[in-house]
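Enquirer: In terms of this note's numbering, the sequence shown opens at residue 28 and continues consecutively.
Worth flagging that the hints you see were computed from the coordinates, not collected in a lab. Glycine included, each C-beta is placed from N, C-alpha and C at the ideal position. Worth double-checking, as some hints may not be accurate.
[Unchecked claim] Below, simulated BS3-like cross-link-like pairs (lysine-lysine); rule was C-alpha separation at most 30 Å, straight line: (1) Lys92 x Lys217; (2) Lys34 x Lys97; (3) Lys256 x Lys114; (4) Lys38 x Lys51; (5) Lys97 x Lys217; (6) Lys81 x Lys97; (7) Lys165 x Lys51; (8) Lys256 x Lys108; (9) Lys165 x Lys150; (10) Lys114 x Lys38; (11) Lys217 x Lys165; (12) Lys150 x Lys34; (13) Lys165 x Lys206; (14) Lys92 x Lys81; (15) Lys51 x Lys81; (16) Lys206 x Lys256; (17) Lys215 x Lys114; (18) Lys114 x Lys165; (19) Lys97 x Lys108; (20) Lys206 x Lys108; (21) Lys97 x Lys256; (22) Lys92 x Lys114; (23) Lys215 x Lys165; (24) Lys165 x Lys108; (25) Lys34 x Lys51; (26) Lys81 x Lys34; (27) Lys181 x Lys92; (28) Lys108 x Lys215; (29) Lys114 x Lys181; (30) Lys256 x Lys217.
[Stated by the list, open to error] Derived CB-CB ranges, DEER-like: (31) Pro203 x Lys108: 20 to 30 Å; (32) Asn195 x Pro240: 30 to 40 Å; (33) Pro107 x Gly216: 15 to 25 Å; (34) Pro240 x Val163: 28 to 38 Å.
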Amino acid sequence: MTTTHLKTYSKINHVALDFFHQIKTAAGSLDLLLTDEQVYQLLHYLDGLLLWNKAYNLTAISDPKDALVKHIFDCLAILPKLPFLDKQDICLLDIGTGAGLPAVILAIFRPDWQICALDSNNKKIRFIRQMAGELVLKNLTPVNERIENHQTTKPYDIITSRAFSSLNDFVSLAMPYLKTNGVFYAMKGKMPTEEDVQTLRAINPDFFVQTTPISVPGLNESRCVVYIKTLTNNKEKS
């Protein structure tokens, strides 16, 4: 690969080639297969995130290298653990998506899945809509709503969140939108306590809760994903 294959970027032009190889290396360490086109899409998104950040206040991270690791790599690290990876036509809702993390990364990684990016911040949703257009992510639907007011014609197979500090709040608010036998998938910094798990089981005694540590390339901080699976029928919202 040479620099002639890269577009001109606004914020990462001086490191674009290096970042391309870093993304490829990070994906390889996670056993992810990313095409060159998907890597270009990730670079385009990262550049857009940094470009729009000053006006739209999208993220507290402004350094390109930090954003690459703490946003792009952090989201890539959850992909190998996603449920239903062997299935197509999965519908996924990302609550409190912010600037599209992980919704945009998911939409790039799985173009055969339908991804709904939900956030109450209009500016952030406008940014995601712009990125979806520029990257031709026809499977990504940005929605400017709070989860309490979300309108959908059918429930979701997977509901994700990187934003909620409380697993209890996440599950309580999202539960009406999850399919029977669907999966909640929460990204956390710290491992949930036994008290956290018992609080979840107070919502539904038949919840299956599993916590899996994940390693983010280039980041020496603890991360984990929490699966919460409904083993009994929940009331689906229509």
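Enquirer: Look at each hint and say if it fits the structure.
Expert: Here is how each hint holds up against the structure:
1. Proximity of Lys92 to Lys217 is assessed by CA-CA distance (about 23 Å); at most 30 Å being required, the pair is judged to hold.
2. Note on Lys34 and Lys97: the hinted pairing holds, with a Cα-Cα distance of about 23 Å set against a maximum of 30 Å.
3. Taken as a hint, the Lys256 and Lys114 pair is honoured in the structure, with Cα atoms around 17 Å apart against an allowance of 30 Å.
4. Using a Cα cut-off of 30 Å, the hinted pair Lys38 and Lys51 holds, with the two alpha carbons roughly 20 Å apart.
5. For the hint linking Lys97 to Lys217, the alpha-carbon distance of about 15 Å falls within 30 Å, and the restraint holds.
6. The straight-line distance between the Cα atoms of Lys81 and Lys97 is roughly 18 Å, inside the 30 Å bound, and the hint therefore holds.
7. Restraint check for Lys165 and Lys51: satisfied, since their Cα atoms lie roughly 24 Å apart, inside the 30 Å limit.
8. In summary, the hint linking Lys256 to Lys108 is supported, as the alpha carbons are separated by about 14 Å, within the 30 Å threshold.
9. A distance of roughly 20 Å separates the Cα atoms of Lys165 and Lys150; the hinted pair therefore holds under the 30 Å criterion.
10. Annotation: proposed proximity of Lys114 to Lys38 is violated, straight-line Cα distance about 36 Å (limit 30 Å).
11. The straight-line distance between the Cα atoms of Lys217 and Lys165 is roughly 34 Å, outside the 30 Å bound, and the hint therefore fails.
12. Taken as a hint, the Lys150 and Lys34 pair is honoured in the structure, with Cα atoms around 26 Å apart against an allowance of 30 Å.
13. Simply put, Lys165 and Lys206 have alpha-carbon atoms about 23 Å apart, close enough for the 30 Å limit, and the pair holds.
14. The straight-line distance between the Cα atoms of Lys92 and Lys81 is roughly 17 Å, inside the 30 Å bound, and the hint therefore holds.
15. A C-alpha spacing of about 28 Å is found between Lys51 and Lys81, which places the hinted pair at or below 30 Å, so the restraint holds.
16. Distance check on the hinted pair: Lys206 and Lys256 sit about 10 Å apart at the alpha-carbon level, within 30 Å; holds.
17. A threshold of 30 Å between alpha carbons decides the hint, and for Lys215 with Lys114 the separation of about 25 Å falls inside it, so the pair holds.
18. Proximity of Lys114 to Lys165 is assessed by CA-CA distance (about 19 Å); at most 30 Å being required, the pair is judged to hold.
19. Restraint check: the Cα-Cα separation between Lys97 and Lys108 comes to about 18 Å, which is no more than 30 Å; the hinted pair holds.
20. A distance of roughly 19 Å separates the Cα atoms of Lys206 and Lys108; the hinted pair therefore holds under the 30 Å criterion.
21. Restraint check for Lys97 and Lys256: the C-alpha separation of about 27 Å stays at or below 30 Å, so the hint holds.
22. For the hint pairing Lys92 with Lys114, the CA-to-CA distance comes to about 33 Å; that exceeds 30 Å, so the pair is violated.
23. In summary, the hint linking Lys215 to Lys165 is supported, as the alpha carbons are separated by about 28 Å, within the 30 Å threshold.
24. Distance check on the hinted pair: Lys165 and Lys108 sit about 24 Å apart at the alpha-carbon level, within 30 Å; holds.
25. This hinted pair checks out: Lys34 and Lys51 have alpha carbons roughly 17 Å apart, not beyond 30 Å.
26. Distance restraint check for Lys81 and Lys34: the Cα-Cα separation of roughly 22 Å lies within the 30 Å cut-off, and the hinted pair is therefore satisfied.
27. Restraint check for Lys181 and Lys92: the C-alpha separation of about 39 Å exceeds 30 Å, so the hint is violated.
28. As the CA atoms of Lys108 and Lys215 are separated by approximately 14 Å, the hinted pair is consistent with the 30 Å bound.
29. For the proposed pair Lys114 and Lys181, the alpha carbon gap of about 18 Å is at most 30 Å, so the pair holds.
30. Taken as a hint, the Lys256 and Lys217 pair is honoured in the structure, with Cα atoms around 20 Å apart against an allowance of 30 Å.
31. Between Pro203 and Lys108 the Cβ separation comes to about 25 Å, which falls inside the hinted range of 20 to 30 Å.
32. At roughly 21 Å, the beta carbons of Asn195 and Pro240 sit outside the given window of 30 to 40 Å.
33. Separation of Pro107 from Gly216 is about 19 Å and conforms to the stated range, judged on CB atoms against 15 to 25 Å.
34. Remark: the range hint 28 to 38 Å for Pro240 to Val163 is upheld by a beta-carbon distance near 35 Å.
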